[in-house]
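Peer 1: Read off the chains here:
There are 6 protein chains.
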Amino acid sequence: MLYRGFLLFCCVSTMLAQPAARKLRVISFGAHPDDCDYRAGGTAAKFARLGHQVKFVALTNGDAGHQSEGGGALARRRRAEAQEAGRRLGIASYEVLDNHDGELLPTLPVRHQVIRRIREWNADIVLAPRPWDYHPDHRYTGAVVQDAAYMVVVPNVCPDTPALRKNPVFLYHEDEFQRPNPFRPDVAIDIDDTFEAKVSAFDAHVSQMYEWGPFLDDALASVPKDPVARREWLRKGWFSGPPAPAVLKALEKWYGPRAQTIRHAEAFEVCEYGHRPTEQELRELFPFLPQTK
Amino acid sequence: MLYRGFLLFCCVSTMLAQPAARKLRVISFGAHPDDCDYRAGGTAAKFARLGHQVKFVALTNGDAGHQSEGGGALARRRRAEAQEAGRRLGIASYEVLDNHDGELLPTLPVRHQVIRRIREWNADIVLAPRPWDYHPDHRYTGAVVQDAAYMVVVPNVCPDTPALRKNPVFLYHEDEFQRPNPFRPDVAIDIDDTFEAKVSAFDAHVSQMYEWGPFLDDALASVPKDPVARREWLRKGWFSGPPAPAVLKALEKWYGPRAQTIRHAEAFEVCEYGHRPTEQELRELFPFLPQTK
Amino acid sequence: MLYRGFLLFCCVSTMLAQPAARKLRVISFGAHPDDCDYRAGGTAAKFARLGHQVKFVALTNGDAGHQSEGGGALARRRRAEAQEAGRRLGIASYEVLDNHDGELLPTLPVRHQVIRRIREWNADIVLAPRPWDYHPDHRYTGAVVQDAAYMVVVPNVCPDTPALRKNPVFLYHEDEFQRPNPFRPDVAIDIDDTFEAKVSAFDAHVSQMYEWGPFLDDALASVPKDPVARREWLRKGWFSGPPAPAVLKALEKWYGPRAQTIRHAEAFEVCEYGHRPTEQELRELFPFLPQTK
Amino acid sequence: MLYRGFLLFCCVSTMLAQPAARKLRVISFGAHPDDCDYRAGGTAAKFARLGHQVKFVALTNGDAGHQSEGGGALARRRRAEAQEAGRRLGIASYEVLDNHDGELLPTLPVRHQVIRRIREWNADIVLAPRPWDYHPDHRYTGAVVQDAAYMVVVPNVCPDTPALRKNPVFLYHEDEFQRPNPFRPDVAIDIDDTFEAKVSAFDAHVSQMYEWGPFLDDALASVPKDPVARREWLRKGWFSGPPAPAVLKALEKWYGPRAQTIRHAEAFEVCEYGHRPTEQELRELFPFLPQTK
Amino acid sequence: MLYRGFLLFCCVSTMLAQPAARKLRVISFGAHPDDCDYRAGGTAAKFARLGHQVKFVALTNGDAGHQSEGGGALARRRRAEAQEAGRRLGIASYEVLDNHDGELLPTLPVRHQVIRRIREWNADIVLAPRPWDYHPDHRYTGAVVQDAAYMVVVPNVCPDTPALRKNPVFLYHEDEFQRPNPFRPDVAIDIDDTFEAKVSAFDAHVSQMYEWGPFLDDALASVPKDPVARREWLRKGWFSGPPAPAVLKALEKWYGPRAQTIRHAEAFEVCEYGHRPTEQELRELFPFLPQTK
Amino acid sequence: MLYRGFLLFCCVSTMLAQPAARKLRVISFGAHPDDCDYRAGGTAAKFARLGHQVKFVALTNGDAGHQSEGGGALARRRRAEAQEAGRRLGIASYEVLDNHDGELLPTLPVRHQVIRRIREWNADIVLAPRPWDYHPDHRYTGAVVQDAAYMVVVPNVCPDTPALRKNPVFLYHEDEFQRPNPFRPDVAIDIDDTFEAKVSAFDAHVSQMYEWGPFLDDALASVPKDPVARREWLRKGWFSGPPAPAVLKALEKWYGPRAQTIRHAEAFEVCEYGHRPTEQELRELFPFLPQTK
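Residue numbers (the working numbering), protein chains in the order written: chain A, 121 to 413; chain B, 121 to 413; chain C, 121 to 413; chain D, 121 to 413; chain E, 121 to 413; chain F, 121 to 413.
For reference, chain A alone in the conformation it holds in the complex:
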């Protein structure tokens, strides 16, 4: 199936006709019911506050993510936590698919779940992890979203769900892995204004933040009992570092000198397999970026 070369001579009209008025539709995929929050929670809250439609999708139900709970009971607990996290971020939807945690593979059934979610959301922007990450579920989430990237426009695939007529922009979540190639922050977002909402969303994942994660780090004893104290503990543990050097550089590109004052940021890399936006399109897709005139 040939496709790309064709674009060379097609007169591509502006992708977004009236950016100011337009409501954007954003969908973010993660492997587990807290992954999107960590990598895109602040940006999602920014979209939501401007009235755009944001949906998070966890490809697994998280039923392996605990030291002493598991199965359907844990899945139901985590679904409820995800709902609460979504509420705190102000996003329109947080869907948790019912695939086993720790067993995700880039199969056709999972690919089709992704294709249908993107189409049904009529997404302008699709976010997902890169296929390079420490957790196999994360890697295969990245792989399967890549596998869906072009297919969302092919009507013969998943014919029960009308195909999109335009390929969305696909962007990768930030990560710190270097092999086979490091994450490249094509766009970086100042989330200082929604940072508390992000921490609050994190705080909603009680099973993860205050039980399973600390267990893994042999730090259960250090988790404060008091709700306020433990949220503070959470903020400090997860978010006390500055942006990575490459992200800082990207912030400078997009925000100019004031980048130095930004304390919390999220960054994204354009995936080559979806629509490849111009810089101007990126400004339209992330309308809270400083707009050039």
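Incorrect hints may appear among the rest.
The list cannot tell twin chains apart, which means a pair is met if one copy fits it or any two copies do.
[What the hints assert, rightly or not] Within a straight-line C-alpha distance of at most 30 Å, the following computed DSS-like cross-link-like pairs (lysine-lysine) qualify:
| hint | residue 1 | residue 2 |
| --- | --- | --- |
| 1 | Lys-345 | Lys-373 |
| 2 | Lys-356 | Lys-345 |
| 3 | Lys-356 | Lys-286 |
| 4 | Lys-356 | Lys-143 |
| 5 | Lys-345 | Lys-286 |
No lab work stands behind these hints, which were simulated from the structure alone.
Chains B, C, D, E and F: place on chain A using the hints.
Peer 2: Below, chains B, C, D, E and F alone, put in the same frame as chain A:
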């Protein structure tokens, strides 16, 4: 299974004894019944004109590649288009395997299909896409040909088809993707003399060039009705650009100063998983390259 | 499942409390019953001589690795060869799993085999090939060990085998492949003192070294009949070259000026998906490296 | 998991408390978007006319069922035909799942699709083909509904969809196959009053009744062009025979002497894997059966 | 592979040379960690008391069998319950394989698990459910043990585990399903003397007998708190009925007139796919049957 | 997909127009390269002698069927044996597919292999084992041929191979298994005139008849060395029994009183999933049956 290190001390005799007289056997794999044409059609025609044996193989039957047709009927239409394209290129065979379009995965059955095709063709050269590409079928075509690369010499694998005694040279088709690493044009071929045959082969894929592709680009209305006009439209749409900078550089390496005059080229990257040819072997394998004395 | 970020604020106590007294536990995965020997045999023998526990695991039974034998009979022959090779290296265990040679895929059942082996061995160090290699079984061994890397600490995965409380250090075997990125020798080991044991282990794989390998290289006639002579022939064929330039550089980093005198070395790259050791930790994990005071 | 034996001592309260007032919920599974119509269309219409909720589910999208069409386009055509057929029967829902026609296997993903449909419908009655039938899709529909039969009450399976607290009654559609054992009509329904609706539903499947089916029987030329005539042709072709002898006997059991006057009937066999109804429960579940006082 | 016909002319020597002295080796497969107990617990205890070696194997870890627990934690709880049940029966081993409950399929990896268990146990007798049962895990346990039945003697299958030289006798557990054909009690065993051990083994499965099972039957409130009372409740609930008529008839065949006094029995059907024992061999294999002189 | 009912009113013209002149096309599937010989070798030879076209297909390559050989080498040996056996029977083709022995499952790729073979052979008659048999490969051969039975007429399935316009008659090979239902000899063939050819075909499978089979029965020592003697030994061992009682009855039906004199017979059961022949059609399909006038 250890293998490579052994080569360090084996006295490898020249791979090709009498290059001048020898008929080369070339096989190219694509995901769909037009992919090989785009990436290797001009080179294939050059081989064919010199009397070498070229075979194209599409790993899927293309049954998803249309906005309003599909299934077996579309597969049959595309098989006929492929046959016609092969005829126009002058190649010996254009085989379309009957796997579903849009559902290719690097499974053992598909790997075995590839192994058998390479062995039966007794290939000197195997061409395929890289496993990095916008279309999952393309990526998995690359992956599955990689998976076959060494196995073609192992008699216990697919024992019904005699194993090759020498590993062919595997080369990747050109693409423009940068992640995780860009295509590296190890060899670049001037196809100006067969360019019209390549356009003509493209023109044979009516369902793709004049229906499905333009539909995807919202350009159906711009497709000329007149056969001559639409072929011109096709040529301009797909092939009006110059070679990529890296390809141009490779042309200079292989063709010297006259590279600047070359308007159409195809390029290939040596895959590390097959036999790794010396520069001299590459000249013997692509006998239309300027030969050093 | 979030995990990594958490480490940023946890006070990680020294990983290895009493390095001097401690017995290390090392496990190395290969695709076939000779792969570990080639990439880690010398290092394994060094560990073993110091009283550390080393286990080699071949993920396939090698039943395709011969020109005229195959199936269960060949698998049994190769298992016996592996046992003998393990004996010659002095390692504690050489396990050969019963998956078909030439058909390995990174499935959940194989992943679980790997997870259980790592846990049962209570490994400090896990060695495996990178997922880039000429042989698909090698690549998928790399992939499936990556897929196990984090999962060894998750109790809900393979709950019949107690999860580790600390993620081991995962390291890749050396290889010479360049795409998508070359092997990076994070640590390099002088194996001159165990080199003869490594050659001897190689020599135990009679079916591979003196039958199948030479057959592949059309060199059967050159294999000496005499046991002493053929071992010499083996040594020369496989191990006569100097360390690769990057490995030499790594030797210089770890051994200082005396690196120039090292004739045989093995090198490893830290995998980002397991525990990421500091340089000091690497010295503790490879106690035969020169220790800084 | 033990379950059945337990029932021996449990005091089972009457399954249906107030049969008269209660609205029953019926779901029928077929392989293709016309299978339920043929085997249960008349009964479904009877349920619907009494205000009960009936849903038909086709497990495949029918994209192989035509001599010259196929793929997504055919799937969409057949989905529309199914909607129209459902409308003519008066049932509440006709869902067509997007699995390939001719490729259905009893996999876990398909099983989970079935479990969720039964739970979401909160079904009292589940209808499906037996796993013995000429078409593999029919057989595997039967197998996969069997595989779901007990699982609908297990909360740890598909935990995103609340489990039923009572196992529905599962019944098989009638068929004429004798091996390994013939269909046993445990209940038979007089459908003379809804027979025309059933024929009308059949008539809605234009692609099947007037194109694909006649093609298979080499009878395309005999299909009348006139809508009224072709419906008559359809009625005669499909429904002119009397009930099978065993069904007639079942009609006598349930309807007494007036069974002889019944011209069209549908029959069902109780599946041992769901709740096993008493005769009284069957009367409550099929409230249009003559009620004993 | 031809095999059976051969037996027609082979002079088969008596299978069991010295029945009196010989220690029999019995292995029973169930889907979940209580299935074997229910269908063969009494017989197993009889074997054990005579010094024969009995092993129970659950093919799944039971991690779905509870209303509010699940995953690894439940699997560990059930493994411990199974160990305790095995202890109470006096059998040599109760192994719980780590496949997901509710997801068992007759795949090659599971088949190989079964083959290895039978070989390692060097079984004379293999017990398993029929492939007809209400629970899909039960059915597929039956199917996969059938799939292993002949393979245990083929050395090329699972070559890491020495093949048996004689096919064991395979027998099905009793069940009450009628389709496609009812269970046929080829042999029936009086278990009155081990009945209390069987009840005691049942009682060890606390999660199943007093939590999950009663939940399914809406009978949680009726479970006594007192350990003695609840065991009595268990005995009454599960085992108060008389043997099924066909089993009673089999008891008469094997025990003669005293069959009428037997209150608890277990019955087995000879599977045609293993060695087919003569009546005399059955007496030797079940040495607690009345022996003919 | 509805199909069968349609036949009720279609005027089916005689299936075989000119039986006398017509050359029949027969294809038989077995799991291993000797299964067809045993169950249909005599009948195949009769067809062949009358000039009809017969093809045997083994779905696996038999690479597990030996005590000391295996893999590709054994597969090649058995392919050669099959070729020789086919030659001795006089049939047109004996194809051995390259699936692993002992690992056959009724997957879609294998189903498609079967569909293509039946179509390419343009078969009138398809023979295969029942899905009830001691060897899993035999059972799954039966299952997968059933799965192909209707699909051979559907053009959208395997669209690269033109669909048949008429469904062949499918018949099962004879076997002796009783559960869930015994084999029913719908037609029985006197093969006394081709019996020696059948024995001779058997004799060609040296690896099976004189090595692997006797090994399984602990009878290796009893195999004569002399070629003539061992063939006699083979004949006696495999074929000394009379036809089974049900087959004898079938012979009487088809041959009348002379059935008593028939010493060797083969029998077949009509599969309900293909075309269901009338008695007259069966006589036309087996033209060596006594013809009624």
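Peer 1: All hints are to be evaluated individually against the structure, with a verdict given for each.
Peer 2: Quick rundown of the hints versus the structure:
| no. | hint | verdict |
| --- | --- | --- |
| 1 | Lys-345 with Lys-373 | neither (42 Å within a copy, 48 Å between copies) |
| 2 | Lys-356 with Lys-345 | within (16 Å within a copy, 48 Å between copies) |
| 3 | Lys-356 with Lys-286 | between (42 Å within a copy, 23 Å between copies) |
| 4 | Lys-356 with Lys-143 | neither (34 Å within a copy, 37 Å between copies) |
| 5 | Lys-345 with Lys-286 | between (50 Å within a copy, 25 Å between copies) |
In terms of the numbered hints stated before, the structure departs from hints 1, 4, listed from lowest to highest.
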